[in-house]
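Chemist: Between the sequences and the hints, there should be enough to build the whole structure, so can you do that?
Which chain is which? The protein sequence lines are A and B, in order. Numbering-wise, the first sequence is residues 0 to 109 according to numbering that gives the first Met the number 0. Numbering-wise, the second sequence is residues 0 to 570 according to numbering that gives the first Met the number 0.
Note that these hints are calculated values from the structure, not bench results. Incorrect hints may have been included.
[As the list claims (entries may be wrong)] One-sided and incomplete, this derived list gives chain B residues near chain A with beta-carbon spacing under 8 Å:
1) Glu148
2) Leu151
3) Gln194
[To be verified] So, partial list: chain A residues that the calculated Cβ filter (under 8 Å) puts toward chain B:
4) Glu55
5) Arg77
6) Ser82
7) Phe101
[Unchecked claim] Okay, the calculated bits of chain B under chain A, using three or more residues with CB under 8 Å as the criterion:
8) 50-60
9) 66-72
By construction, the Cβ of each residue, glycine as well, lies at the ideal position given by its N, Cα and C atoms.
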Amino acid sequence: MSDFMQWVTHGIKRGRFDVNPRMALHLFALVVVLTFVAALYLVLVSRTAACGRHIEQLQAELFRLQRENEQLEVDIAREGSISRLWKRALELGFAPAEWVEFLLPAAGEP
Amino acid sequence: MAEGPRRRLRLLVTLLIGILLVIVAQLAQVQIVNHRFYKEWGEWQSVRTIVMAEPPRGAIRDRDGYLLAGNAVLYSIEAAPSLVDVETAAAALGSLLHVPAAHVETLLDSEASWVSIASPVSKEVGEQIADLRLRGITVLPLWAREYPEGVLASHVIGFCNVEGKCFYGVEGFHDALLRPERVEWEGPVDPASEQIPWAVVPVVLPQPGTDLVLTLDRTVQALVEKELARSVQEYQAEGGTIIVMDPRTFEILALASLPDYDPGRYTDFFSQNPLPFEDPAVSQQYEPGSVFKVLTVAAALDAGLVTPETIYYDSGWIEVGGQMIQNASHAAYGERTVADVLIESLNVGAAWLSTQMGPDVFYRYVRAFGIGRPTGVDLAGEISGQLWLPDDYEHWHDSNLGTNAFGQGVAVTPLQMIAAVATVANDGARLRPRIVAQRVEPDGTVSTLQPVVEAQVISPQTARTLTEVMVRVVEEGVAQARVEGYRVAGKTGTAQIPIPGGYDKEGTIASFVGFGPVPDPQLIILVKLDRPKTSSWASQTAAPAFRRLAARLFVVLGIPPDGVAVAEAAR
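Modeler: Here it is in structure tokens:
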């Protein structure tokens, strides 16, 4: 014991401490309940945080897929644009129809 | 207990109580006295407005679902300098962004809590940077409006700038519908401004914008643009407009004007004077000239004043309100019928009809045809045109009654003019022209927009009578507009261009409005060419353009020639 503590406790007599069993039980029960509540709170908070994080990840994934989808749609539309189709058709040897003749099926044919 | 130890114990207890009181006082100061200050300070440090990633703007499609305006992905690279390993980040970012690492280092060497490194960057580069997972570097997705068809239908679509503000056409008119929902809330963030998921974040996701399906047919639009470009070049015009509508529903199938622009590269066109962004079809007016005679004759027929066979005497001039009105040829035609007013495009006959009607009747019909007011089409920037009425003492003059009858002294937009003539093709019922056919909500709900009848301007009988006269205009008057195999009705207009103090002697505006096949018109076309140089006459410029385009569109839209149609009906 340090000199300071000896100075502080000098002359203090160790007293008898009577333990009341009922009070001890209540105290123990209180500690158990408080521990349980604290544990429950911690579990709840951590689960909420984990759930929030999961939702956030799902949302991020949703937005990522949404962006991919939009980009793909634009890319497909660009590949199938009128000007590109026109150019490709001409490259493949097609030409605008100069004269179109309408034919009627003979009577009785479907 | 001896007095000494007791005193020391008392002293110790007093000391402890004193310390406790100081702590309690400090706590009280923090928690109670300065509660608001510390609360706000804490929130300032950790609570931010968190904006949920923005969903895409609504798409614009043609009537067959082809994408005309969509969304591409870009990224913005941002940083919290206090958290960044400057050397590593500068080397990596410099290499991917193709800028010197020293430049990035300069940006990161900042006292600011947040700096922008580069924006916008391409999707590929943005994703490569995101994959590096650099501490303190944030890669934010951005949307960029994309127009996969390039210049096609640029005036109809309009454009959006880099800030997401949209102008002109459908983009401008329906901006509120197309714009996505924005969801934001106050929440805790970490030092890199990343959200801390202490609480469950809002699960209501922001909704994308509403998709719009247009009445436009991209194939028809492409053919119209090709014909317009050809006509402008062939007739050496300064510009022009072609509109194609279905007269049964007033749906706009194609609308093209030159000069045009690429909405995806609109900044390239800022150097042009005038800017090409305004749609001449709805935002610019012109004096229509003789096409307007269709409305004058319609009014006279419907008012019961005349029939197509009614004879009048054309002396070559008529005086209205003190102004001498002559035919375009300055010739006198003698006895002529009302039908001849259209077939031979006689100004004197038209002025005679309007004076016979009087201003009340004449202007009542002109207003009913939609002249002098916006058509209500869902395109941004539509103007009213210019029609002075007799009660406007400042502008209207008695002579207006005569000149307005043949389309002078009155200004219309191309869309007003085609809508007025489409009224004749549609048995006298004027509908509201429209460009949007359907709205597709984010949840997939489709609402189909129905035609809106504005007015029954003339009786169906008058409309059919007038249509037959207009067929004669093409068959007997303007051979250049005849379409082989189809009966078409139409009218030319060669209009002078008003300038301060009179009319320009140099140029004209040549136009032709025609529809067919008669008697069941499925197509109406307006061709307008500005200041053609090869000929000032519409019959030599706008009419042949109409013929070429109508012949092509009848085939593309599967409208059989008259002979086949009659045979089909007989089966």
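Chemist: Against each hint, give a clear statement of whether it holds in the structure.
Modeler: Cross-check of the supplied hints:
Restraint check, glutamate 148 (chain B) versus chain A: the minimum CB separation of about 5 Å is within 8 Å; hint holds. Taken as an interface hint, leucine 151 (chain B) checks out: its beta carbon lies about 6 Å from the nearest beta carbon of chain A, inside 8 Å. This hint holds: glutamine 194 (chain B) has a C-beta 7 Å from the nearest C-beta of chain A, less than the 8 Å allowed. Look at glutamate 55 (chain A): its Cβ gets to within about 5 Å of chain B, closer than 8 Å, so that hint holds up.
Evaluation of the arginine 77 (chain A) hint against chain B yields a held restraint, the C-beta minimum of about 4 Å falling below 8 Å. Because the smallest distance between the Cβ of serine 82 (chain A) and any Cβ of chain B comes to about 6 Å, under 8 Å, the interface hint for this residue holds. The criterion of a C-beta within 8 Å of any C-beta in chain B is met by phenylalanine 101 (chain A), whose closest approach is roughly 4 Å, and the hint holds. Here the region 50-60 of chain B counts 5 residues with a CB under 8 Å from a CB of chain A, which clears the bar of 3, and the coverage holds.
Taking a C-beta to C-beta cut-off of 8 Å, the region 66-72 of chain B contributes 5 residues in contact with chain A, enough for the three needed, and the coverage statement holds.
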